[in-house]
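Just so you know, the protein sequences line up as chains U and X, in that order.
By the working numbering, the letter at position 436 of the first sequence is numbered 436, and the numbering carries on one by one without gaps.
By the working numbering, the letter at position 67 of the second sequence is numbered 67, and the numbering carries on one by one without gaps.
Hints in this document: simulated from the structure, not taken from any laboratory.
All of these numbers come straight from a predicted model, not from anything done at the bench.
Even for Gly, the Cβ is constructed at its ideal location relative to N, Cα and C.
Residues on chain U that point at chain X, a partial pick, calculated with CB under 7 Å:
| id | residue |
| --- | --- |
| 1 | His55 |
| 2 | Asn58 |
| 3 | Lys74 |
| 4 | Lys82 |
| 5 | Gly133 |
| 6 | Val159 |
| 7 | Leu192 |
| 8 | Gly218 |
| 9 | Asn219 |
| 10 | Ser225 |
| 11 | Ser264 |
| 12 | Asp284 |
| 13 | Ala292 |
| 14 | Arg297 |
Quick list of in silico lysine-lysine cross-link-like pairs, DSSO-like style, CA-CA up to 27 Å:
| id | chain 1 | residue 1 | chain 2 | residue 2 |
| --- | --- | --- | --- | --- |
| 15 | U | Lys364 | X | Lys19 |
| 16 | U | Lys82 | U | Lys96 |
| 17 | U | Lys339 | X | Lys19 |
| 18 | X | Lys35 | U | Lys244 |
| 19 | U | Lys388 | U | Lys339 |
| 20 | U | Lys59 | X | Lys19 |
| 21 | X | Lys10 | U | Lys343 |
| 22 | U | Lys286 | X | Lys13 |
| 23 | U | Lys82 | X | Lys10 |
| 24 | U | Lys23 | U | Lys34 |
| 25 | U | Lys99 | X | Lys96 |
| 26 | U | Lys295 | X | Lys19 |
| 27 | X | Lys104 | X | Lys70 |
| 28 | U | Lys414 | U | Lys454 |
| 29 | X | Lys186 | U | Lys156 |
| 30 | X | Lys12 | U | Lys295 |
| 31 | U | Lys102 | X | Lys186 |
| 32 | U | Lys228 | X | Lys104 |
Residue-level listing of the chains:
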Amino acid sequence: MASHPENATKYVANDERMHWHDKALWFVREKRDKAAHGIPEWEQLRDYASTIKTHTMNKLDFYLEEFERNATAKGITVHWAKDAVEHNEIVHKLLKAKKVKKLVKSKSMLTEECHLNPYLEQRGIEVIDTDLGERIVQLRNEPPSHIVLPAIHLTKMDVSDTFHEHLGTEKGNDDPTYLTRAARASLREDFLTAEAGLTGVNFAIAETGGVVVCTNEGNADMGASLPKLHIASMGMEKIIPRLKDLSVFTRLLARSATGQAITSYTSHFHQPIEGGEMHIIIVDNKRAEFLANEKYRQALNCIRCGACMNTCPIYRRSGGHSYEHVIPGPIGSTIAAFKEPEKHNSLPFACTLCGSCTNVCPAKIDLDSQLYNHRQDLAEAGYLPKSKMLSMKVMTYVFNRPKLLDFAGFMARKIVPKLPKSLIYNKFNVWGKTRDLPEFPEHSFKELYTKMKKDERDKDDK
Amino acid sequence: MTSRDLILGKIKKNNIVPKADLPEYDNFGITYEDKFEQFAQTIQTVGGDAISTTKEELDVVIRSLYNEEKIIVSNVAESKLGNFIANDEEDAHNLKDIDLAIVKGQFAVAENGAVWLKNNDNRHRSLYFIAQNIVIVVKKSDILNNMHEAYRQISFEDSGYGVFVSGPSKTADIEQSLVIGAHGPKSGYVIFID
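Bound-form chain X, shown alone (with noise of 0.2 Å):
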């Protein structure tokens, strides 16, 4: 007998765990008026920052944020900085030296301060992490506000890799002081667009 039909058959065997019906989570959830501001307030209390501005002055405002950083990639239409093609790569270790990424949000999540990443176009998912600092580009008009609406906005019925982050990489690790930049980004910026 293989493990795979000892384990579901131990399973079956013995189970007493009763029924439970799943439960719906349609017009569940805290709301909020202002969610840019419920985002801005939460995302600054894990060390990041939103910032609202328009497309055109998106690299200004970026430029303003990261004057010193050199190896920059942009995946964001409306941002001209990017001087490295993290695609063109074919071995992820290869992103080790950037400075700056800056990549497009699908929507971002007023109650935690967290942006969906999910780009099918983006071949290495290292990218998030490996660069140095991160700035995460998203619509004004795409600011949900809570996980139950935010789910309702995302699927995995093709394959993939998805990801919520919330502000830069951090620990607290070593007798619970926050220190900004563990393994992941130093620094995390939100800037809503137009």
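This is chain U alone, in the form it adopts within the complex (with noise of 0.2 Å):
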């Protein structure tokens, strides 16, 4: 595994690209101011957004099992995995007890959290994606690099390589609608022919024990209303109280991920379909440990809309490939961070704090804060690199004295000028490495400032 520093390297390596891929992102990214303005209500309806998820988090216990109740009812199967491994082994537990060999899958961060696909095409299920966005990463086999947006990092013409192989379209033939036809013509049998589909969870309503998925393809629908068997996965956050609260998260979705003002399809599924069985897994995977810590308990109120990485100006450059992490991004960031810092402590620090994930954010999560915390609880839990631990300590014993402070300003702004540029950008000035000194001022503020009081008594003095 490399820091987010190692990856980005390579990615802004090719100027070009990094380049395209910014723009791409930003254009998504004025797409969504264009649709929240339409809104006058917008900051309400974020408010609204962010207290149904505070509502919910304090009494997610309750209203879990208000949920498993009322799906019950409904002839719905409720089961319950705490962790990954447990979750791909319902799954295949399922899948198994039906002899199914093909699954189609629609878009689920949770089932790539859980790794869900190599577990069951170990065990000899073949799993196909069904979002274009991710058939494309999967045939190429590539994790998504978006949460909403999972090929984003991809040209036309990379895809149509790949389809060219795996699809057998014509060499060179980048027209996106000519490769969506492939892929629908392809993608069709699939559907026609699969045994089971599963699908995410956008939200999981206690009152009514239904799901609800969102998509512009249409695949979701197609996966569950076609074979007898819908499992549905649901990290255990998804969940909102009443039905009508959806009314405040189907206008923010959409308008947030991509500037729609609602996507093609908002499925609301409440019992399987005739002669079918229809299966919900509530997965905790480190949720619970969320609610207990006040610094980052906000993480779970995400709605997955991606607008945090549209807006990201490190994300928009270093692509989502470079974060190593299931979701990208400053969200994808906090939460890697909070559980697994062992893995991903490169993460808060790809991050300007420039604060426009959270200004974006439609569930107002303070995620520029959250970054900002990991960075201590990460020295202080000591992941930090050696070379960083060893000059904030350097920092710390200065900053601390404010003599020497001054002298080794002094000295800097005399010396650091008159040294030759070989010395200054050694290779221990990783800062350096793309980035000019700023000039050195003759005087410090702390000098200036002492100046200009004495002028001023000076001349009260006249």
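Two chains, two frames, a set of hints: combine them into the complex.
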């Protein structure tokens, strides 16, 4: 596993692609702005979303039990999985009982988090990701690089090459309509021959015991309305109390995600199809821990719109794969560093603390504060690289001694401008790799301030 | 201990999330002077279209849009174009060759161009997705302003399936280029009648 700076260095080496990626995401961010500005009560909606989520998390056990009761009454079977392994085992057991050989899956970040595909493939079950973007990355044997736009890192020529290899499309034909039609034809066969469909869950309604899935392509519905077995996997934070609370979230989700007023399909599943079975798996996998932590608890309020990624200057320029985490960008960084600091400790530093993520988040999650807090917590827990730890120690020592600081500043102003470049931009100066030092002023602020005060006094004396 | 008890126990144990009161949404949300106009504008941006006509003219309008389509399902009383009865099919897979589905929408939402479909008498929910093209018929008087009004009209006391549909299926997964017709219908119209 490489750190974010290591991966990002490789990513930005291709200057043209970096700028192309940056622009593609900024385009989506601008569409989001336009959609949000079209709703006068937008800020009130964000407040409502935040309040509903806080209310729900405070009573999460109550709402999960209510959900289970109501879903069961509607003929849906509810399962509980404490971790990824248990989730995968439940899915496999359900598929095995029905002798399923092919599973069509719609977008589910949770099954990515649980690494469900390899688990099932190792047990002889073919898994077809049916969201176009996810299908593209699946054929390329890559993880998604964005939670809403899984193939945003690829150009249409990349897709053309992939489809030429796997679906037999014309070499060099990169017309998006042509490529989409080819995928449609191929996946339609999969929908018609699969024995089971698995969907994610955008919202689970405690009051009614049903789940809501939002897609543009119609793939979740094809997968959940043809085969006799529908499995829905949900992180336990997806619960909302009342059906009418969906009015807030359906207004926020697509506008925040892609700038659409609503997704093409917002499907409310409250029973199996005729003669079929519907199962819902509620997954914890270290979610409960967030509830006990004041600094990071709001991370559970995320509705997975991806707005924080689209706006993040680091995400846009380093690409989703640089994060090496199932969810990249600001929300992914805070979740990853909280759940597995030993693996993902570089992510909270992939942030300029500009706060743009917090400003666009439809659930008003304090993302920038969380990333800032992580830096302290990671340092305290000893997860910073040695060079950073050492320089922090030196800085702490100097900053605690005003006289020493004055002296160090004085020396730096006098000496550094005279040093040869090769000495300043040595390999220990990571910061200076792609940046120049600012021009050193002749006097420090303290000197200027003292002089100004003295001049004022002299003037008054006269 | 079951995983269920383990998870619920963990949630209860250290939950420090503060209490908060749920909001109410009465008289909340954007409203429009001309709801049809707003609906039509919005649905056009997502590759669909809205048409206003009369009961009597409904089939003429549909035929002007789709005159080549052969296998047609209609569950709308005002349209006589149906020649395939989806409800007679035991297996949802048999709906795969439907060229056009003409279905009833309960109401339309002006703010986002969505129509609510929940037809308890429709045997196969796959009809809305498997058909190559879809026409949704809604009464002119049934256009609501926003989603807060919409959810007041919806209930799931019984079981069932319901879906908001906004335009035909689409994707922009290849370099952000909008392509109409992903896995669901390749075109979609909402026709309003008196």
